[in-house]
Amino acid sequence: MEEARPETRTNVKVAPRRIASTVLGALRSGVVPRVGLEYIAVGRAREIDALLRDADIIADGGATFRFISGKYGSGKSFLLQTVRNYAMERGFAVMDADLSPERRLSGTHGQGVSTYRELINNLSTHTKPDGGALQQVLDKLIGRLEMETLARDSAQSEDKVSQTVRGKILELAAKLEGMVNGYDFARVILMYYNGYAQDDDDMKSKALRFFRAEYGSKTEVRQELGIRTYVNDENWYEMLKLFASFLTVAGYKGLLVMLDELVNLFRIPFRVTREYNYEKLLAIYNDVLQGKASGIGFVLVSTPQSLEDSERGIFSYEALRSRLADGRFADNTIGDIMSPIIKIQPLTYEEMFVLLEKVAGLHRVVYGSSFDISNEDMLLFLKAEYERIGAKTNITPRSVIRDFIEILGRLSQDPTATVRSIISTDADCLSIDSGDMVEDGAQQDEFAEFFV
Amino acid sequence: MPAQSPVYSSLLLSFLKEEHNKLPVYFEWRRNFISGKKEAASEKFALLYAAELLYLIECPSPLYAMNMLARLMNEQRELSKNIKNRLAHWLRDFYILHADCNPPKNNKTKRAVPLDYSKPDQFDFPFSWFILQKKLMWLYPEYMLGCDMDASLLGGMSADDVFDMYAGLSSYKIGVSRIMKEGYAAAARDSFLLAWRAVASRITDGGQDVASVFADSRLTSGWRPYGGLDIRAGRLYDSVCATNRRFILNLDAHREEPFAKFKVRARYFEQVSAAFIKQGASAFFGDFLKRVDYEIRTRVKLPGNFLEPEDRFDLYLDDFRYGNRHVDRTALYGIDVAGIIRDSVQRVVSKLPDNLRTFIKPSKAGKAQSAGARSCRPLASVRVSVDFNKLGEVRGEADWVFDRLTEGQVAEDVLPIEPSSVSEALPNEDEGCGGWESFAQNLTSEQSRILSLMISQASLEAISAIRGAGMTLDTFAEKVNELALRAIGDIIVETDGNKPRIISDYIEDLRMVIDGRS
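As you go down the protein sequences, you meet chains D and L in turn.
At position 232 of the first sequence the residue is numbered 231 (numbering that gives the first Met the number 0), and the sequence of numbers has no breaks.
At position 127 of the second sequence the residue is numbered 126 (numbering that gives the first Met the number 0), and the sequence of numbers has no breaks.
None of these hints come from the bench; they were simulated from the model.
A quick note: this is a predicted structure, and the numbers were derived from the prediction, not measured.
Only some residues are given here: those of chain L computed to face chain D with a beta carbon under 7 Å:
1) 386
2) 397
3) 400
4) 404
5) 405
6) 473
7) 477
8) 480
9) 481
10) 490
For every residue, glycine included, the Cβ atom is placed at its ideal position computed from N, Cα and C.
From just these sequences and the hints, can you work out the full model?
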């Protein structure tokens, strides 16, 4: 390996130690870190840009719908978490849920409403990033209305304030009334406020139960709340839209709904049930993109097979296929980020290299590593990773980073160890071809080459 | 491989369909037999009870079942030789499957069981590599999964044996393929073993052993113990209460086997549905070997029109994954089996001698050899390179993403911030405590007092102070967290609805801030 390789490491962003430590810990465990994703975001500029533009559209009162499609470990969750963090930090509310056999978009045993429940339970905001923000959102609206009232006349009596806030909630009701179930939705908010004002926890809890879809019948909800609507498989999407409008009124920029593990729809064994689910998906898609929804965005995460399989995948439903499939002029090698489907492309070797650089940088911040890992070391490591059987199609950033952090850990603990020595003793480097890295630097100075 | 058992199936079928009114009699006989009474049983009763034992229905342990099977053979002298032979086969298979149970050793039991099951070579058919391998696969999966697939670990099996075993299991008969006749048998073997080892190790990564993957799933039936007899989740209840329980019974022993679901209602069997479950040779290994065959033909440019087989590996793995909740789904998904095979074949072929690396018709081989290796150029390896000139571009892009993600990091409508503070959204702790200073400046005296109470673990006082200030816990937490996010880039207070809590990482910093203020 030639030594005179250009050193172009510049403008390295240094993470605070606390964040670096969190990121490194998460990467070591193979999970996407909750914070600090910007420090390791490499090679996903176009995808991130597309999703952030979606967020801008939602903030402007529009609605968006995106699929993220990629293989296991390709970085879907990373992308999702990045957008989630970004959105929350900019005043969006975010709901997320993983689909499963019990949680679908539609089903005869309440699978649709189960998804809704999960979404509501995971409602997150900037200051409550781990879910469970429903009550906080309601309190925030009330607090905001009270503050506005007091700001006009701070000498008002408590009753007067309460009356004014009620009036404002009724105004909100009028705004939501045009939407399906909007009137009942606003009445429940009013009920929550009454409970809040009268310090009646029972009433508040009844209202919260409504939002959490814990009522199972009209009779029950009428007895408890005096309304006729309850959240069920038919109307849960309408409720999400109501939430989006409500959140906008409450001071949030919009609502971002994220559904992961869409492969579970593909796995539904019965065609009819599967198609009902796809039909629901189509209804949401149409609704969002025809401008009937506002302040709401959907990001659905899928695998290529569950999306494109013509027998059971989403493309098996012709109406969706014709909307989502690539057109005649699509270029599959780069992927069209303007289309509803963002296809995650594998990281290039250069991107992987820079990613390793960044991970090494984080390691240095956290452990103040005395050793220095050279370009040659990183190349050697990459070679070892890509030399594994099936690496060409199976290697993922997750596994590479995990291995790399292990190596960094060993290097920092054992001053005598080198990357080469660690790799050569690694039993997991399966290869019947132990060909060494080509060290013919004379041919092309700017290339480091190796064979797999 | 043990013989099929159509006799048994038909007997049981007729018993269930036509003589179900005899079930109470069977239950009585079974009760007596278990309690030790020597009572002659009809062949149907014996077979039915044997089936229950084989599947450990109501058996405390495999050893118990084995003893009872031995008793059945020994005591039921009226049974025909045919049935006794069948029982002997089943008993042997049972032992193979449950080798962990200690075979009976005393003389008396030995007489009852005429075969010494601790010595496999005494069986009435060769205890072949096949059975041995199956035993290893079923009972000692780690033998199959270890990185060292060498002969000693595989009980003396050579690589050829292992390959033959899988070839025997598979639905694709690679033995008659042209590659085997043209001198690529060893390449096929090595490619297969290399690829299968890589796939198996991937499956193990998810915490699931590959043996159970292929033993329990419908991907392959492989060796079917008890000659294909299959009662699953079945239980013949002799209690009146235990009705409406379902079980599945194998009715036939053909390749596409109809399975019927029965349920017991008031001691009568009733067929409720029928389903087809694929049995017989393994389609998964069939596709695996076919893919190996195809890749070798392509690599060495073997003439002929061998179409690329359909890639159904994802479906196989999905099938398995869907039926096994305990499996790490992510570990199984996305294993590109075809890609692994392609890589393996490429490696193996690249190591072949020149005259094999590219196929040459035998008639021309002599000429080609004499003409040198010009016509047999080595296949180009896939070259992977890192272009250092591109790194700057990639880094620049990453920096752009960083800036895009961190610009205006705090929500303007929630807490408006000056544009100048954007660049300080994520302060570097190493640069000092500027973040905390700004936090302290923006903290109201009331918030400071409540935080101070929380630091000193006076939760109740803190809660009443929050309520006294006309706030809920959530609104208090939100206000403080907004300040904290602006100042240090993280939240510092959590609530569980009833109680606020300061995140432990920040208690000391916060203490200093509060002390500084006071």
